[in-house]
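Letter by letter, the chains look like this.
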Amino acid sequence: MTIGSRLEVKVSVSGQFDGVATRVRDIAPVARDPLDSPYEISNQMFAALRHVLHDVGGQPDLPVPFLEKVEEDWEMNTYITCECLGWRGVWNSEERRRAENDLGATLYFGLPYYARWATVAAKTLINKGLITPDELSAKLDEVRARLEAQA
Amino acid sequence: MTRRFAIGDEVTVRDATSMFHTRTQAFTRGRTGTVVEFRPDWVIPEDEAWGRDTPERGGRTEPFYVVRFRQTDLWPRYTGFDIDTLETEVAERWLQPAEKKES
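Protein chains in written order, with my numbering: chain A, 1 to 151; chain B, 1001 to 1103.
It should be emphasised that the hints constitute simulated quantities derived from the structure, not laboratory data.
All C-beta atoms in this analysis are idealised placements derived from N, C-alpha and C, irrespective of residue type, glycine included.
Treat the hints with care, as some may be off.
[Stated by the list, open to error] Partial list, derived from the structure: chain B residues whose beta carbon lies under 8 Å from chain A:
1) M1019
2) F1020
3) H1021
4) Q1025
5) A1026
6) W1050
7) D1053
8) E1056
9) Q1071
10) Y1078
11) T1079
12) P1097
13) A1098
[As the list claims (entries may be wrong)] In silico negatives: residues of chain B with every beta carbon more than 12 Å from chain A:
14) T1034
15) D1047
16) E1048
17) K1101
Excised from the complex, chain A in its bound form (with noise of 0.2 Å):
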């Protein structure tokens, strides 16, 4: 067993899928290396590690139980606001995709799909200069007061 096989598995699709899939199906807990700024890594884990994030299909994984889910307010806010930035000229949404693959699965997988997107949006913003990191929070602790004097 590898160690850090668990990522390893990522490494190729059009060759060993087969082995990808079996390796997957074997799930259990394995000895891994703690992905903690290690000294070096092969080129197998950096190949791993470089995966384009939002490029899933054929990726191993395992059955998700599907759970029906309406959609909220802020989703449908979300995805309007980021639309008519790009309307403005802000962004397009390929650049909003490789935006999001720029968070790193931890972000990429841990957040919901619109607050990915929310997320993206602000980084871009402060990135072409059309809002500054202190316009920002300001503006998230203004709405946290206003929230927590509602409840």
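Starting from the known structure of chain A, arrange chain B on it as the hints suggest.
Just chain B, lined up with the frame of chain A:
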């Protein structure tokens, strides 16, 4: 822009390295399929993803194609029908003529 491939051409998706962003799925890399449709020239995703989304902003336009793969060519363990196919859009730079099979 002049197209390099015609409908019906056998093409192989280049197994090139993607950094940060891609629209050419990993599972198509190195696989051979058939051009079944043309798509209009468009800015390639490698430029569009970085804000170079028009020629004025430095975006390079290129012909796109719909490529049809046999599912059994994509997935070694495929359990569906042999005639099942998958179609995806690919920019011209990702395609090369398939090597002729020995007959």
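Hints and how they fare:
1. Residue-level restraint check for M1019/B holds (minimum Cβ-Cβ distance to chain A is 7 Å; threshold 8 Å).
2. A distance limit of 8 Å between C-beta atoms decides the matter here; for F1020/B the minimum to chain A is near 6 Å, and the interface restraint holds.
3. Among the interface hints, the one on H1021/B holds; its C-beta lies about 4 Å from the nearest C-beta in chain A, closer than the 8 Å criterion.
4. The restraint placing Q1025/B at the interface with chain A holds, with a minimum CB-CB distance near 5 Å, inside the 8 Å limit.
5. At its closest, the beta carbon of A1026/B sits 4 Å from a beta carbon of chain A; the interface hint therefore holds under the 8 Å criterion.
6. Interface hint status for W1050/B: upheld, as the beta-carbon distance to the closest one in chain A is roughly 7 Å, under 8 Å.
7. Taking 8 Å as the C-beta contact cut-off toward chain A, the hint placing D1053/B at the interface holds, the least distance being around 5 Å.
8. Given the 8 Å rule on beta carbons, the hint for E1056/B is violated: about 12 Å separates it from the nearest Cβ of chain A.
9. At about 11 Å, the closest approach between the beta carbon of Q1071/B and any beta carbon in chain A exceeds 8 Å, and the interface hint on this residue is violated.
10. For Y1078/B, the suggested interface contact is broken, since its CB lies about 10 Å from the closest CB of chain A, more than 8 Å.
11. Look at T1079/B: its Cβ only gets to about 12 Å from chain A, farther than 8 Å, so that hint breaks.
12. A cut of 8 Å between beta carbons decides the hint on P1097/B: the least distance to chain A is about 18 Å, and the hint is violated.
13. Of the supplied interface hints, the one on A1098/B is violated, with its beta-carbon coming no nearer than about 15 Å to a beta-carbon of chain A, more than 8 Å.
14. At roughly 18 Å from the closest C-beta of chain A, the C-beta of T1034/B stays outside 12 Å, upholding its exclusion from the interface.
15. For D1047/B, the non-interface assignment is contradicted: its Cβ lies about 9 Å from the closest Cβ of chain A, within the 12 Å cut-off.
16. For E1048/B, the non-interface assignment is contradicted: its Cβ lies about 4 Å from the closest Cβ of chain A, within the 12 Å cut-off.
17. Separation of K1101/B from chain A is adequate, the least Cβ-Cβ distance of about 19 Å exceeding the 12 Å criterion.
The structure shown violates the earlier hints numbered 8, 9, 10, 11, 12, 13, 15 and 16.
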